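Protein sequence lines, in the order shown, are assigned to chains A and B.
When you line the first sequence up against the UniProt record's numbering, it's residues 1 to 138, in that order.
When you line the second sequence up against the UniProt record's numbering, it's residues 1 to 157, in that order.
Be careful, since some hints might not be right.
[To be verified] When the alpha-carbon atoms are kept at most 30 Å apart in a straight line, the in silico DSBU-like pairs for lysine-lysine are as follows:
(1) A/Lys-85 to B/Lys-131
(2) A/Lys-50 to A/Lys-29
(3) A/Lys-53 to B/Lys-58
(4) B/Lys-76 to A/Lys-50
Hints are computed from structural coordinates only; laboratory data are not their basis.
Quantities reported herein were computed from a predicted structural model and do not represent experimental measurements.
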Amino acid sequence: MGNQEKGKGLMEPENSAEKLTALVVDDDKLVRMIHQGLLKRAGVKNEAVKNGKEAVDIHYSGQRFDIILMDNEMPIMTGIEATKKLRSMGILSRIIGVSSCTEAEKQEFMKAGIDDYQVKPLTIGVLNSILDVVKASK
Amino acid sequence: MLGFGADLLWADMNRLLAFLFHQGVLDEQFLQLQQLQDHTSPNFVSEVVNIYFHESEKLLNNLRSLLMEREFSDYKKIEIHLNQFIGSSSSIGAKRVTSVCIAFRAASEQDNRAGCLRALEMLEHEYCYLKNKLHELFQIEQQRALAAGVRYPMQHQ
Chain A
1 MGNQEKGKGL MEPENSAEKL TALVVDDDKL VRMIHQGLLK RAGVKNEAVK
51 NGKEAVDIHY SGQRFDIILM DNEMPIMTGI EATKKLRSMG ILSRIIGVSS
101 CTEAEKQEFM KAGIDDYQVK PLTIGVLNSI LDVVKASK
Chain B
1 MLGFGADLLW ADMNRLLAFL FHQGVLDEQF LQLQQLQDHT SPNFVSEVVN
51 IYFHESEKLL NNLRSLLMER EFSDYKKIEI HLNQFIGSSS SIGAKRVTSV
101 CIAFRAASEQ DNRAGCLRAL EMLEHEYCYL KNKLHELFQI EQQRALAAGV
151 RYPMQHQ
């Protein structure tokens with residue numbers, strides 16, 4: 001699950017045997033920056049896009065990621081819509097809904113196909129637990 | 001002497017941080033940001049916070065413009081702006097600003113315009129206070145870095 005990109009300036013992780021890849025999907029520049037900083041610290045190669053449509057398009061271009069950190073409220077295409085689309089495309093990446101939505105929206109997000117939901121902001125500890133699950137499944 | 005100055009400034013920085021934590025202005029998420037700063041991203045915290053200031057001021061202007069409209073009724077738009085403000089404020093550990101935004105959102109969900117206006121004033125006040133304190137923190141940090149940096153040539157004499 002999640003083929004790795006080659007030849008794109010991989011960052012050497014501190015202690016991980018396998019290099020994971022991640023996609024950050026959030027319309028908020030600040031949140032993208034923080035989540036990318038967290039991933040970089042954990043040695044995870046990562047990219048970021050600004051909305052659900054860009055997340056879908058990057059997969060149409062052939063890229064795959066072990067983990068997708070998906071916000072919900074975004075312009076053009078929400079996280080719920082993007083998750084449904086990605087699952088219908090057969091994308092099996094671990095998708096983590098990262099948002100601050102209501103319980104009803106969270107349930108809708110889960111039904112759309114996310115594997116887990118975390119309230120913003122992610123912390124180093126929460127990210128490590130997400131990475132542990134992904135590493136264990138590889 | 002200059003090394004001693006850098007140490008004093010370090011103590012000032014920690015005292016200010018402790019004060020801001022004690023007052024509930026910042027929470028542990030700010031410490032998370034500091035942990036993401038290293039030699040490859042030496043200005044990470046100040047870059048993130050400057051983006052936060054830039055985005056927040058736009059949001060505050062939007063909120064004020066909306067609420068000042070004579071025929072204002074678009075509470076949904078208010079909530080969209082507030083959700084963004086809550087997301088970014090909690091991401092940098094701005095605890096008091098986040099709390100005020102949440103109360104503001106509650107007033108908006110009740111279509112309570114007067115409540116929204118009161119919350120907006122409180123939000124502007126809290127944001128201003130946070131901005132001033134973080135500027136103070138970064139100033140001390142810059143002075144400390146300068147003091148520590150000037151020290152090095154003297155050590156080699």
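Which hint numbers doesn't this structure obey? Of the numbered hints, just 1 does not hold.
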